[in-house]
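Asks: Sequence:
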Amino acid sequence: MPPKEDLDATTKIVQEKTKNTSEQRNPEGLLKVLVSSVAVAFVSFHIYTGFAGPLPNLKQRAVHLGFAMILTFCLMRPIRKKMRDTWVSLFLGIDIIFILLTIFACGYILFNYNWIMEHAAESTNIQLFLGTALILLTLEAGRRTIGIVFPFFTICFLLYALFGQYIPDIPFVGDYLSYWGHRGFSMKHIIQVMYLSDKGLWGFVTGVSSTIVAIFIIFGGFLLSTGAGDTFMDFASRFTGRFLGGAAKVSLLASAFFGMLSGSAVANTATTGNFTIPLMKRLKYGKEFAAGVEATASAGGQITPPIMGSAAFLMAELLEMAYIKVALCAIIPAYLFFASVFFAIHFESARRKLKRVPKNQIKPFSKILMPSRSIPLLIPVSLLIGLMLKGLTPETSAFWAIATLSILYTFSTLKGPEIKKRLYVSEVIFGLSGNHTYLALGLAAIVALMLGMGVPTPAAYLLSATVVAPSLIHMGFEPIAAHMFVLYFAILSVLTPPVCPGVYVAAGIAGADWLKTAWVAIRLAIVKYILPFMFIFNTSLLMLGPTSKIIWSVATATIGVYMIAAGTMGFLIENIGIVMRLVLIVASLLCFTSNTINVFIGVTLGGGVFAYQVINGKKNSRLPAEKGA
574 MPPKEDLDAT TKIVQEKTKN TSEQRNPEGL LKVLVSSVAV AFVSFHIYTG
624 FAGPLPNLKQ RAVHLGFAMI LTFCLMRPIR KKMRDTWVSL FLGIDIIFIL
674 LTIFACGYIL FNYNWIMEHA AESTNIQLFL GTALILLTLE AGRRTIGIVF
724 PFFTICFLLY ALFGQYIPDI PFVGDYLSYW GHRGFSMKHI IQVMYLSDKG
774 LWGFVTGVSS TIVAIFIIFG GFLLSTGAGD TFMDFASRFT GRFLGGAAKV
824 SLLASAFFGM LSGSAVANTA TTGNFTIPLM KRLKYGKEFA AGVEATASAG
874 GQITPPIMGS AAFLMAELLE MAYIKVALCA IIPAYLFFAS VFFAIHFESA
924 RRKLKRVPKN QIKPFSKILM PSRSIPLLIP VSLLIGLMLK GLTPETSAFW
974 AIATLSILYT FSTLKGPEIK KRLYVSEVIF GLSGNHTYLA LGLAAIVALM
1024 LGMGVPTPAA YLLSATVVAP SLIHMGFEPI AAHMFVLYFA ILSVLTPPVC
1074 PGVYVAAGIA GADWLKTAWV AIRLAIVKYI LPFMFIFNTS LLMLGPTSKI
1124 IWSVATATIG VYMIAAGTMG FLIENIGIVM RLVLIVASLL CFTSNTINVF
1174 IGVTLGGGVF AYQVINGKKN SRLPAEKGA
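Numbers 574 to 1202, taken from this note's numbering, label the letters of the sequence shown in order.
It is worth saying that the hints were derived from the structure and are not from the lab. Treat the hints with caution; some may be incorrect.
[Claimed, not checked] Straight line, CA to CA, 25 Å or less: simulated SDA-like cross-link-like pairs of lysine to any residue:
1. LYS860 - VAL1072
2. LYS928 - GLN1186
3. LYS898 - PRO878
4. LYS898 - PHE777
Whole structure, please, built from the sequences with the hints as guidance.
Replies: In structure tokens form, the structure reads like this:
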């Protein structure tokens, strides 16, 4: 662990850089009481429904959205710029109006549920007013929390619903554009669907968020507040800190642990980065390398079970399969990603001769595995996984994990902070690709990457899954493989310029150039760009098929990620020239196919490079002796 002074200094720098542009309010007085009360009620509601079962769809989703929007308007300022006191007061007054409208609009659904179900085709003026208000309020809440991109897409879709009948038939474009035309929908009909049915504001995305995602986030918050974060860091330091490039490997392992609970690349970077980046800088790692390692490692949280940035729950709903199966399918690709980054860090550390973590900063296992630290961490997580494997719903499993954690925390001696805190583009992709598989996959990857820019994981996945995945499934790929493919590319914008928020956060903490940091991150995470093509052609990597084939695929893929890491970082036993690097990269791609002949050729090529380095190294070591003689 870096000294506390380093962490405090880093925190002050980040706070100083963001204090004038922060979009969050610092609640005080009455506002603080309101926020705390709403947050406690919000958490209590989800814990109760996790135990007793969810309310009817519209009721559950209305309560969930209402709580979330009230907190958003309380905590998120409408604009980032520093404002005069008069403007602050004005915007606070506007937000109070927004909160009241939210309460009325969501409360109307809650208390008039039976009437709405019995008169589904009818709508009154008050319903149309509240529906319009809630749609606009949701767009504004989305703008404040995730930026303009997702609200912009939503507005485009609403305009399409209103004016789609005016889309002309342009011969040059063929049938694609005319395909999108429709008979048109009135504003009244759109509001009825959006507000008074289970398709719009109360659709399945809100349903997954209100039943599964929310309670998993609460479980993660409970777990981290009991000191699990420190335990994760200590475990990571103990396992990897003593080895070459130890500080960077600590960052990788700690981010993998945090990613299992968080799934947010930016939050993961900010949490672990405040520990690992100062440590790497203090041990003379380059600031761009330190930031790149942290950004890359944290981006792995979105593909690491069980949470996977909440996308796993949405994927299970879209594919109509058990969530635990989605999580199991994600294990091997996540392992290959982290193995690749581990190898890349090792080779870069060897090339740069980077230091290990000092022994006095690595805690012994006796302290890490103290019952007061390990039991509140291991038992709830094991119980959560075990209950889901037994067939309990994810939300019920999470409830019992939270209950167990609370009891263990109460009776442990651990002292830590208190627990507070289908729109289809299939035809377009087919048309442009001429139905060629590889070209279609390339186009699908580009579309998913663009749709994911500036959008959080659940939204990025949902956009890509509805726009891109159907075309891949139609081409004959396994549904789970197609959805995992678009998930991987949708979340790569975290590392890929120009958006790359994970890179910006890591570079800000390290005081590094963001573009250089992005380049380091891309080199470290190169396998994340290749993995989707691997498992969409070889579903054994998703644990589908015979056990023998799964084992063979994992073994050959591991060899492949080892060689591609050496090739991209330019080091194996010693520095590698450009020709040898290209040979290793080609060899790794051959191993990724899992075809026996290709693997044999790949291993032969990689072994040849290794043998050449060994022989060349021995020759170089004899030269000084011969000269001396």
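Asks: Determine for every hint whether it applies to the structure shown.
Replies: Status of each hint after checking the structure:
1. A distance of roughly 20 Å separates the Cα atoms of LYS860 and VAL1072; the hinted pair therefore holds under the 25 Å criterion.
2. Proposed proximity of LYS928 and GLN1186 is supported: the alpha carbons are some 24 Å apart, at most 25 Å.
3. At most 25 Å may separate the alpha-carbon atoms for a hinted pair to count; LYS898 and PRO878 meet this at roughly 11 Å.
4. Restraint check for LYS898 and PHE777: the C-alpha separation of about 19 Å stays at or below 25 Å, so the hint holds.
The structure is consistent with each of the numbered hints, conforming to all of them.
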